[in-house]
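Chemist: Please put together the full structure from these sequences, using the hints given.
Protein chains in written order, with the working numbering: chain E, 426 to 781; chain L, 20 to 379; chain C, 7 to 315.
Honestly, the hints are just simulated from the structure, not real lab data.
Heads up, a few of these hints could be off.
Claimed, not checked - Straight-line alpha carbon distances no greater than 20 Å define the calculated SDA-like cross-link-like pairs of lysine to any residue that follow: (1) K773(E) x Y484(E); (2) K124(L) x I430(E); (3) K428(E) x L93(C); (4) K437(E) x H720(E); (5) K644(E) x T699(E); (6) K73(L) x A438(E); (7) K249(L) x I271(C); (8) K127(L) x A143(L); (9) K124(L) x Y745(E); (10) K307(L) x G277(L); (11) K124(L) x L429(E); (12) K773(E) x A438(E); (13) K376(L) x I17(C); (14) K76(L) x D109(L); (15) K124(L) x D611(E); (16) K124(L) x T699(E); (17) K467(E) x Y484(E); (18) K127(L) x L633(E); (19) K76(L) x N94(L); (20) K107(L) x D744(E); (21) K344(L) x N602(E); (22) K73(L) x A309(L); (23) K771(E) x L429(E); (24) K73(L) x K771(E); (25) K288(L) x D82(L); (26) K124(L) x H720(E); (27) K320(L) x G340(L); (28) K107(L) x A286(L); (29) K124(L) x Y772(E); (30) K124(L) x N597(E); (31) K249(L) x I269(C); (32) K467(E) x T86(L); (33) K344(L) x P483(E); (34) K249(L) x L92(C); (35) K644(E) x L634(E); (36) K124(L) x V570(E); (37) K376(L) x L93(C).
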Amino acid sequence: MIKLIPRVENSKAMIILSPIIALTLTALSAFVIFIFILEDIKVSSVFFTLFAEPLIDPYYFSELLVKAAPLMIIGLGLSIGFRAGIWNIGAEGQYVIGGITGGAVGLYFYNVEGFWLLPLMALAGILGGMFYAGIAAFLRIRYQVNEILVTLMLTYVAVLFLSAMLQGPLRNPSGFNFPESRIFHDSAMLPIIWDGTRLHIGLLVAILLSILAWFGIKKHMFGMQIKISGSAPRAAKFAGFDDNKTVWYSLLISGGLAGLAGLFEAAGPAGQLTPGLPQFYGFTAIIVAFLARLHPIGILFSSLLIALSYVGGENVQIDYNLPSSITQIFQGMLLFYFLACDILIKYKVVLNKTKD
Amino acid sequence: MSNRRFSSVIKLSLLSLVLAFTGNVAADPVRAAFVYIGPTGDHGWTFAHDQGAKYVKEKMGDDVVITTVESVEENSDSERVITSLARKNDIIFTTSFGYMNPTIKVAKRYPDVKFEHATGYIQADNVSTYSARFYEGRHVIGKMAGRMTKSNVIGYIASFPIPEVIRGINAAFLAARSVNPDVQVKVVWVYTWYDPGKEADAANALIAQGADILMQHTDSTAPITVAEEKGIYAFGQASNMREWGPNAQLTGIIDDWGPYYLDRVQAVKDGTWASQDTFDGVQQGMVKFAPLNNSMPVDVKNEAMKAIIDLSMGAIHPFTGPINKQDGSPWLAEGETPPNFPDLLTMDFYVEGIDSKYPN
Amino acid sequence: MNESLFINIIIGISIASVPLIFAAIGELLVERSGVLNLGVEGMMIVGALMGFVVQFHTGNSYLAVLAALFGGMAIASIFAFLTQYLLTNQVATGLALTLFGLGFSAFVGRGYTEETIQLITSIHIPVLSDIPFIGPLIFSFNPLVYVAFLMVYLVWWFLFKTKQGLILRAIGDNHDAAHAIGHNVVRYRVMAILFGGAMAGVGGAFLSLVQVPIWGEDMTAGRGWIALGLVVFASWQPFRIILGAILFGGITILQLHAQGFDIRISAQYLSMLPYLATIIILVSLRMRLKNKTNRTVPNCLGRIFHSTT
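Modeler: The following block contains the structure:
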């Protein structure tokens, strides 16, 4: 019989160890699966391609960072809401809307150069995402409609809206009628911080934001408000914290950041608005947030880890002809193990040989 | 130099000379890569490209090494996939429109690698574009549909309102009308290239609204399975889909990319590759047809065969005037055929006679 | 509108709504017990795959549906173990389940994308099906359609007419009190989760066994998420699930028909309707409930139960 005995206080050792145990278990499971499906390929070389190559090869490392940036930005925003029990599952939709609003500004001024254009686009992206998430906040406060459902439904609407925009007002007039926008001109593209790669300023923004978020949660009243609201709503009310304000802040911040990430994607790696803008960053960021236990600095690391699995997984797909679903399976398993190992922090696992 | 050493040197030199002349020193194989938008199991668009890749391997054997990557989404990730391939290959085929911008970007960074972009419109020194005149195929099946329909409603499952799809609808309609003045075409837009469930729903909706022949510009075998189940006719898309519709399939438009791919890969090997834009049809063998269904009346089959032969000899053009646009304005005068650009390549109108409203 | 077109539309709507009914009624029971399982999409796609694979290899539809049922249950058991025994966060675990389910089914299913199977055909009752108009409309559906309606009735009966159902609802509203009385909270919830998995699996199988006889990754195309919305839309009342599923399936189908009829709204905006409708109806329901004191949300929905023994 396995018994779970609550610890007196959280095990500090386990806070560090449990993610490592989870990673090890995932790697072991991967090993087992590979043995089964790879007949004549060395498992060790697959592992190398999956985990090591993206860290060693400069190009793939830059791509890893490119993919991690939006995950960081969105994950940070989401973690703020999750701490307060506000479940914004529709960050993907806010990301798309932000890409549209920010991108539209850039396209509107397509023949104008100027340093002011990018900040304006970023602002438009943030406002777009904020507005979109704000709908869910409004509905929750006014009509007690669950935000999980609203944000999720609105995600589908956002993707369809993108398609409608690319078919209509945002379509490239000299683009042979294909549903794509013009390619962004120089002033509308994000500056590259690593020459020869696609790594853009978004990464620096992400790191900056996580440091800000860390301070915000540690020091500022707002952070405490969110911490308490999440763990004890009634106590929060007694202390004078406004529940409605928390809902607004959480959704507006997560929506705004998601919108910013959308603009960064459009003005960065993509360089235009296409139907391929949605890449599930909004959903993957939820996993990133949880893997980091909603901690801003942790989000930096979990984004890198997930980005690693994407880039490495893709290379495994190309080099060894394995299907792309492999990456999804491992991400799912990693999250399972991680959540499961989390229990080691709060509980001690005891094996009872004798029955009570 | 000692005698023994001298004779080894002579032997070695003679050996090298012999090898050099007989060419027994194996040349490096050409490395060709293919980027697919969907799974090869779609038995449609991607399947046809993969058949082309397999054809190249079959013909060139050990002289070529082929890498394929399936289900690459048309987003910024594709640039990374193409880059990965560019690092290790000599020629890369990107088989969907949405890879255009990424292909151009990567081509700039790898000027020694050749790129072939399907259905695109931007070329560069090391980027070619290629597409097929699928509308010629639509012409043939349009005639068959016009003859075989009893309800005079052709159901058309369309993906996105881009020129290639519009060309297909117009060509099919014109051909059907030419043999059946009462025929109409109903179009449903599903806004996806591959979604079996949605394609099936669209097929059912069209059948419910009176269509007794289906055409599709989507990639799965779903519509033809619906046609088979409902006992009506349909056409295979991009490949022979007879297995999914043994009774339903009257014929299929087959994209035969093999010979073109072989030609281009061989050109890389021979050092004769040059950037070009290819827009081939039945005449060049890029568009082919699945065997005609025997349940059709002899005169319908003969008419279709004649159309195929005419196309293969370049004797007819599916868009031959007089043709007006849907709003009545003139497009082609009597006997006039359209230039590739802008008429065909940017086509954004229905022809006169189509009842459906042009999307958006 | 002529008669056969009307019948066709009704049949089309029923086919679109049945997967939603199965998945939603299963999730309803789960949420009534106080658990939120966001992994419906993952469970549905696994069911779709299992059903297709077994049908392909055996040609036996009964076995195929059973396989889908057990497939859904099997993958739901991961969720049950993690959330009920290891006390993990339900939102995160559900999302992981969706991710894993999608990846797993795509991976295992990759050898089956070129295959096709025999569809489960509709039934034909000797006299009843031949009654003009009513016959094709009511008595000639696919057997799984009738099963779906039966399951809704059974869940309603269980929840409101049996002692166990009462206990389950009590657990959903106040798990601490139920535990204090002596009910095994964990056991009820695990059973509910497994049932939800089974239902989602069968709902997914409907797609691959009835709607289109082929397999494709992601063929559930977001229906699992719609089902989650339906549960809330139905205010956790079983019969309202049918209403919601028909509404949702209906709009999806009608949008396609509208194109055929040449309605002058772009297809994208028409496609938005089902999602917007869900939100609007939720809002209108809340507006009516605002004045009442009884809420139908299970109080403990999503909260982790810590047993102290």
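Chemist: Against each hint, give a clear statement of whether it holds in the structure.
Modeler: Each hint tested on the structure:
no.	hint	verdict
1	K773(E) x Y484(E)	44 Å, violated
2	K124(L) x I430(E)	58 Å, violated
3	K428(E) x L93(C)	13 Å, holds
4	K437(E) x H720(E)	15 Å, holds
5	K644(E) x T699(E)	41 Å, violated
6	K73(L) x A438(E)	55 Å, violated
7	K249(L) x I271(C)	29 Å, violated
8	K127(L) x A143(L)	9 Å, holds
9	K124(L) x Y745(E)	25 Å, violated
10	K307(L) x G277(L)	12 Å, holds
11	K124(L) x L429(E)	56 Å, violated
12	K773(E) x A438(E)	12 Å, holds
13	K376(L) x I17(C)	27 Å, violated
14	K76(L) x D109(L)	15 Å, holds
15	K124(L) x D611(E)	15 Å, holds
16	K124(L) x T699(E)	16 Å, holds
17	K467(E) x Y484(E)	24 Å, violated
18	K127(L) x L633(E)	33 Å, violated
19	K76(L) x N94(L)	29 Å, violated
20	K107(L) x D744(E)	10 Å, holds
21	K344(L) x N602(E)	17 Å, holds
22	K73(L) x A309(L)	19 Å, holds
23	K771(E) x L429(E)	9 Å, holds
24	K73(L) x K771(E)	57 Å, violated
25	K288(L) x D82(L)	9 Å, holds
26	K124(L) x H720(E)	37 Å, violated
27	K320(L) x G340(L)	25 Å, violated
28	K107(L) x A286(L)	18 Å, holds
29	K124(L) x Y772(E)	53 Å, violated
30	K124(L) x N597(E)	18 Å, holds
31	K249(L) x I269(C)	26 Å, violated
32	K467(E) x T86(L)	19 Å, holds
33	K344(L) x P483(E)	54 Å, violated
34	K249(L) x L92(C)	51 Å, violated
35	K644(E) x L634(E)	15 Å, holds
36	K124(L) x V570(E)	46 Å, violated
37	K376(L) x L93(C)	56 Å, violated
Hint compliance for this structure: hints 1, 2, 5, 6, 7, 9, 11, 13, 17, 18, 19, 24, 26, 27, 29, 31, 33, 34, 36 and 37 are broken, all remaining hints hold.
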